[in-house]
Each structure stands twice: as structure tokens, then as C-alpha cells.
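Kindly produce the complete structure, drawing on both the sequences and the hints.
Residue numbers (this note's numbering): 1 to 522.
Since the hints were derived computationally from the structure, they do not count as laboratory data.
Check before you lean on any hint, since a few could be wrong.
Each computed EDC-like pair below joins lysine to aspartate or glutamate, with the alpha-carbon atoms no more than 20 Å apart [as the list claims (entries may be wrong)]:
#  : residue 1 : residue 2
1  : LYS153    : GLU141
2  : LYS131    : GLU459
3  : LYS505    : GLU204
4  : LYS458    : ASP501
5  : LYS328    : GLU519
6  : LYS131    : GLU141
7  : LYS99     : ASP53
8  : LYS25     : ASP334
9  : LYS505    : GLU141
10 : LYS99     : GLU55
11 : LYS369    : ASP114
12 : LYS25     : GLU519
13 : LYS32     : GLU519
14 : LYS25     : ASP475
15 : LYS146    : GLU95
16 : LYS153    : ASP444
17 : LYS496    : ASP475
18 : LYS369    : ASP423
19 : LYS5      : GLU459
20 : LYS131    : GLU519
21 : LYS33     : GLU74
22 : LYS458    : ASP351
23 : LYS128    : GLU516
24 : LYS369    : GLU333
25 : LYS33     : GLU333
26 : LYS128    : GLU95
27 : LYS5      : ASP444
28 : LYS369    : ASP334
29 : LYS153    : GLU333
30 : LYS32     : GLU459
Taking CB as the label site, the calculated pair distances span [said to hold, decoys possible]:
#  : residue 1 : residue 2 : range
31 : VAL349    : ARG135    : 49 to 57 Å
32 : LYS491    : PRO170    : 12 to 20 Å
33 : GLN15     : ASP475    : 52 to 60 Å
34 : LEU421    : ASP475    : 47 to 55 Å
35 : GLY231    : VAL138    : 17 to 25 Å
36 : GLY450    : VAL138    : 43 to 51 Å
37 : PHE445    : ASP475    : 19 to 27 Å
38 : ALA10     : ASP70     : 49 to 57 Å
39 : ASP149    : GLU472    : 36 to 44 Å
40 : ARG387    : ARG203    : 47 to 55 Å
Just so you know, these numbers come straight off a predicted model, no measurement behind them.
No residue lacks a Cβ here, since even glycine has one placed at the ideal position from N, Cα and C.
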Amino acid sequence: MAGGKLQLDAAQIRQARTLARRVGKPIVNTAKKHTTVSVERATLRLAGLQGADSEGTPWVNRLADVVRADVGLEHGVALPVWDALRRGEAGDLLELAQKASAGSITFRLPQDKDAVRASAAARTAVGKGIKQIDRRRVERERMIAKVGDAPRKPWIYLIVATGDIYEDIPQAQAAAREGADVIAVIRSTGQSLLDFVPEGATREGFAGTYATQENFCLMRAALDETSRELGRYVRLTNYASGLCMPEIAALAGLERLDMMLNDSMYGILFRDINPIRTFVDQRFSRQVHARAGIIINTGEDNYLTTADAVEAAHTVTTSQLLNEYFGKEAGLEDWQLGLGHAFEIDPEVPDSFRLELAHAMLARDLFPKAPLKWMPPTRHMTGDVFRGYLLDGFFNLVGALTDQSILLVGMMTEAVVTPWLSDRDLALQNVRYVMNAAGNLHEDFHPAPGGFIVNRAKEVLGDSIQLLSDIENHDNGLLDAIADGTFGLMKRPADKGRGLDGVAKKARDYYNPATEILEGTS
1 MAGGKLQLDA
11 AQIRQARTLA
21 RRVGKPIVNT
31 AKKHTTVSVE
41 RATLRLAGLQ
51 GADSEGTPWV
61 NRLADVVRAD
71 VGLEHGVALP
81 VWDALRRGEA
91 GDLLELAQKA
101 SAGSITFRLP
111 QDKDAVRASA
121 AARTAVGKGI
131 KQIDRRRVER
141 ERMIAKVGDA
151 PRKPWIYLIV
161 ATGDIYEDIP
171 QAQAAAREGA
181 DVIAVIRSTG
191 QSLLDFVPEG
201 ATREGFAGTY
211 ATQENFCLMR
221 AALDETSREL
231 GRYVRLTNYA
241 SGLCMPEIAA
251 LAGLERLDMM
261 LNDSMYGILF
271 RDINPIRTFV
281 DQRFSRQVHA
291 RAGIIINTGE
301 DNYLTTADAV
311 EAAHTVTTSQ
321 LLNEYFGKEA
331 GLEDWQLGLG
341 HAFEIDPEVP
351 DSFRLELAHA
361 MLARDLFPKA
371 PLKWMPPTRH
381 MTGDVFRGYL
391 LDGFFNLVGA
401 LTDQSILLVG
411 MMTEAVVTPW
421 LSDRDLALQN
431 VRYVMNAAGN
441 LHEDFHPAPG
451 GFIVNRAKEV
461 LGDSIQLLSD
471 IENHDNGLLD
481 AIADGTFGLM
491 KRPADKGRGL
501 DGVAKKARDY
511 YNPATEILEG
521 TS
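Shown next, in the form of C-alpha cells:
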């Protein structure tokens, strides 16, 4: 059997997914056996602990650090924390965190009936946060039903990045009025390396705005207002990546974000975050996203900013197959898998447009139900805005020809300056022209059987299968492949990288009510 416009061999597709499952399963097993400081802090956030001390350190960090110092991280924070609350050490989580920070509380690991009572109390408290995420998901569904959804695909995805949430808001609203369906608030440079989530509304960031709960809340409210004005729901995106993936995922669910950049490979490869830390954090964060009805965006497009987009095309497909497995294992459905890919081939390469078309068609045929995220050219943008505008037009045309779901708006000033509002307006005009003129061209376009495009797509799929087979044969599978520089030419060993000290192997009595509820294990 064969399927899709490329007539890919169904047996080959099954083989690719089987290999992805075999390569991914040991990573999942490792993630199940470990916890991290961010997973534990996310659990406290779901139970309602907010705020920061006078130095700006979040109370979840203060509380988790003291618990870890007293009894270790390997048991989880839930039992020691709710045992202390049941013993009357404090009236609520905030008071407990304040007393712990002042050194006036010593935590213990409860036993027998005390442990049973503490676990029940913890589950009740964390369950309230997860019920709030459930309510926000229903709220989204009701709002879409009331005001209407984006009128067509692809959703037009546009970024704002002023560093000041109060400047981001009017820019985001203006972009929505000009036709953007998804607003992505770019995160401040370096936030992925912070092992805490800043608190409150922020007005100073570097090439972006800090991801905080208050910033999420402010932007969500503003876009809701604009959604009602325009008669279509405007989606909001931010970043659940870096050292605080689980916490930011929890905050996104609580504040009704709609999409989140969420891919451990980005943090591993491009931020040198420890692989174990990020795979553990990714699994928990994706479980939260699954519950919240959030669409994830993966970061395969980043590989092509460091590796050659022709030679490394199969690494993108390989990573997409792995992300599909990891995502579904964590509970995400097909409609939530915003798998990433990009238009990054050097335009001087002969047949570059045909190659881009082949790669984009391969992604669409392999993942027909996924809301693929199609990324514009960046690596080969030279500062010539006229050439850049033309390249972005070609990129938009490939998006139309291959029925992409989420199309990030390319900027002619890429690699020159942070875009002005006028740049965004011109870029949106480019998208509108191509989509109005050719938006349904995918219905008519069928590559020639045995032609250049079909053969290239099949070649890339074959190379992906071979790579997955090679990864499976490594002693430590995917971890060895990452250490060898297989993806994006970045070598990241499993025993190195930022955040490794925040990982703990779970003890036999480990307990986390958030995991228990999200996995439906009781």
C-alpha cells in the first residue's frame, strides 16, 4: 500500500514509526525514573503557591530548596510539604515557604498513616490546580464557539518582542487586526538558562519579554478583547523550554495559553542543558499541555540553522518521528503535535525550491493530522530586503502548495534589525497575497510519480529510517547520538550540561500527586 501525494510506501512508514518507538522508549523509561527541581516546583505551583521574596526568588524555589536540603529530592516535595502543613507548622503554602526560608522549619519524610494522610492532602491541593486548567480549557472551547475561529488554515503566526509587556500588548493587538491568527511573545534572551520563573509583570527584557504568569495573564486578557472585536479567536504562544519547562507549562495551562514551544532537543543542543534534565522536564510539561489542550511547537527547524539543510534534511524527519512518539506517550493527540520544519536551503543551490517542496510534502504526508509549523528563511537572509521579501514569498508559496497548518511570518529585515511595525505589515501583505492567490493550490498540485520531488522525499525518508536504525544500535541509543553531534552538529553528552544538579533518581517511596492525576494512575 502507498498513501499521500508522494505515494510513500506504507510499510516504510510503519518501519519508521516502529524504530522511533524503539529509540524513544528507553528515554521515556529514564524520564519515569527521575524527577527534577522544576517538576517539583511545578507541583507546588499547581497547588497554588505564588509570589517571590524581596530578592525576587520565587517562593516555590525557596520551599523546594529547603525540602531538598532536609530530606532529598528523590522522594518528591509533596509528602514532606503536606506533612508539615498537617502538623500545623504553617497555615498555608505561602506561610510554610516563608518560614522554611527563614530556617524555622525542618522537614521530615512521613511514614505509615502520616504518609497516607499527607499524600491525600497533597492530591487534593494539586488537584485544584489541575481542575483550574480543565476550566480554562473549557473556557477556550466556549470562547471559540462564541466569537468564531480563524477563518482558514494556515494560521498566520507572528511574533512580538519588545521586552516590555505593556509595549507587547498593543503590538500584538495591531498584528491581530492586520490578520495574525497566532501571537507569539518572544521570550527574553537567556531566560531558558534561569532556574526560576520571574514573578510579576516585566518591563525590561533582552530581544524579548520574560515569560511570567502575570505577563501571560495580561496578554491573554488583551487578546481576548481583540478576539471579541474581530469576531475570531486569536491564539497566544510562549515558550515552555529551558530549565523551567514544567513550571512554565503549568502557568500556561492556568492562564489559557493556546500553543507552547516545547522541545527538549532545542534546550539540549542550543542551550547546553543536560539531556536527562530536559527529557524528564519535557515529559511532565507535555502531560500538562495534553491536559490543557495546548498545541506544542517542536524545534526541528533549528537544526538547519547550524547544519546544512540538504544534507541534514533526514535529521529533521527523524526528530519529528521521535517527537511524535514522545508527544503521544505523554498524552498529546495528533491535533496538538505542531511538528516543526523550515525553509532553510541555500537559495544558490540548484533546484532549491523543489527540494524545499519535497521536504515540506514529506512532513505533510507523514503527519497528515498534525498542525505542522512551517518556519521562514533565516540562515541565508543577507540584509538585502528585496531578496529577503522574495524568499519569504517563495516560503509562503511552499506553505500553500503543501497545506501547512501554522505559518510563521517571515521578515525581510531578518538578521538586520528587530522588525518595525511597518516591516510586519509588509510581511503580512506578502502572506495575504500568496494565500489569496494560491491558498488552495495544494488541491491541484500533485508531483509527478517518479519525478524529482517524489524521489527526493523518498530518499529523505529512507535516510531517516537508516539513522533511526543506527541510533538504536548505539550502546545508549539516543543519548549517544546526541553526544555524537547527530542533530544540528552539536555534541551534548548525557553526563554534562546545565541543570544536571537538579536531577534526582526517584526513591521507591517517591510521590507526586500531579503525575498521579495527569497519568490517571489512581
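Going through the numbered hints above, which ones does this structure break? Give me the numbers in ascending order. Those not satisfied are hints 2, 3, 4, 9, 11, 15, 18, 25, 30, 32, 33, 37 and 40.
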